[in-house]
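Engineer: The lines below spell out each chain.
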Amino acid sequence: QKEVEQNSGPLSVPEGAIASLNCTYSDRGSQSFFWYRQYSGKSPELIMFIYSNGDKEDGRFTAQLNKASQYVSLLIRDSQPSDSATYLCAVTPAGGGADGLTFGKGTHLIIQP
Amino acid sequence: ETGVTQTPRHLVMGMTNKKSLKCEQHLGHNAMYWYKQSAKKPLELMFVYSLEERVENNSVPSRFSPECPNSSHLFLHLHTLQPEDSALYLCASSQEWGRGNEKLFFGSGTQLSVL
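Going down the list, the sequences are from chains A and B.
Residues in the first sequence are numbered consecutively from 1, following our numbering.
Residues in the second sequence are numbered consecutively from 1, following our numbering.
For the record, the hints were derived by calculation from the structure and aren't laboratory data.
We put the beta carbon where it would ideally sit given N, CA and C, even for glycine.
Hints should not be assumed to be uniformly reliable.
Ranges of calculated distance between the beta carbons of each label pair, as one might list FRET restraints [to be verified]:
(1) B:95 to A:66: 47 to 53 Å
(2) B:3 to A:15: 45 to 51 Å
(3) B:82 to A:67: 38 to 44 Å
(4) A:80 to B:14: 21 to 27 Å
(5) B:14 to A:54: 32 to 38 Å
(6) A:112 to B:54: 42 to 48 Å
(7) A:42 to B:54: 25 to 31 Å
(8) A:56 to B:40: 45 to 51 Å
(9) B:99 to A:58: 39 to 45 Å
(10) B:9 to A:15: 30 to 36 Å
(11) A:112 to B:83: 22 to 28 Å
(12) B:83 to A:56: 39 to 45 Å
(13) B:39 to A:17: 27 to 33 Å
(14) B:82 to A:56: 31 to 37 Å
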């Protein structure tokens, strides 16, 4: 059973600080890693993806991947109240396949003004 | 229109009703998906269509029946549902399927309540 684990939160971060969201996965052969943002009452929206070990930066967002530790994280710099949402980590099994993406339950992030 | 559109946004149905959810993608993608999102649970993949070919998910009850008449349209036919089927049903599309790097674009979802 492939699993993706996230702390459900809520994670409360003051405005302007760095929000750090973490995700671990059980399938060592996983090859692609995604972060989706879901506002309350809305559908998920892809905000970051990473395939290789290390960091990937896009604006205020940085994704970090450590395949040896089976760990992926999302950092949000200069957090804004508009970043308050649930963040879903998703992982693709090795070689793709019928199982598709495995999602975590999500971390509820609250940015306090 | 752009993106992925789903109708209806909200649906209330009795256990003996038959209804259908509709999804249309305007992105030129080759793969379409149905996901179920329940409170406190991860997104669950129900069905995948790639180039109009269905990828079976054996764990989905037969009271859910997908249909993909072409690469832009996807339906989910519902009949004799149970109250535990109440959830948010999300349609998604991606450029391709099966290579392990699918980036999903979601529709707005249908919030389904089964009475």
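Engineer: Give a verdict on every hint.
Structural biologist: So, going through the hints one by one against the coordinates:
For the hinted restraint 47 to 53 Å between residue 95 of chain B and residue 66 of chain A, the CB-CB distance of approximately 27 Å leaves it violated. At about 30 Å, the beta-carbon gap between residue 3 of chain B and residue 15 of chain A misses the expected band of 45 to 51 Å. Here the CB-CB span from residue 82 of chain B to residue 67 of chain A is close to 40 Å, well matched to the stated 38 to 44 Å. For the pair residue 80 of chain A and residue 14 of chain B, the supplied restraint of 21 to 27 Å is violated, since their beta-carbon distance comes to about 44 Å.
For residue 14 of chain B and residue 54 of chain A, the Cβ-Cβ distance of about 53 Å falls outside the hinted range of 32 to 38 Å, so the restraint is violated. For residue 112 of chain A paired with residue 54 of chain B, a C-beta distance near 46 Å keeps the hint of 42 to 48 Å intact. For residue 42 of chain A and residue 54 of chain B, the Cβ-Cβ distance of about 28 Å falls inside the hinted range of 25 to 31 Å, so the restraint holds. The supplied range of 45 to 51 Å is broken by residue 56 of chain A and residue 40 of chain B, whose beta-carbon atoms lie about 30 Å from each other.
Distance hint check for residue 99 of chain B and residue 58 of chain A: the Cβ-Cβ separation is about 22 Å, which falls outside the suggested range of 39 to 45 Å. Separated by about 32 Å at the C-beta atoms, residue 9 of chain B and residue 15 of chain A satisfy the suggested range of 30 to 36 Å. Our hint of 22 to 28 Å for residue 112 of chain A and residue 83 of chain B is violated, since their Cβ atoms are close to 37 Å apart. A hinted range of 39 to 45 Å for the beta carbons of residue 83 of chain B and residue 56 of chain A is consistent with their spacing of about 43 Å.
The hinted window of 27 to 33 Å between residue 39 of chain B and residue 17 of chain A holds, with their beta carbons roughly 29 Å apart. Separated by about 42 Å at the C-beta atoms, residue 82 of chain B and residue 56 of chain A break the suggested range of 31 to 37 Å.
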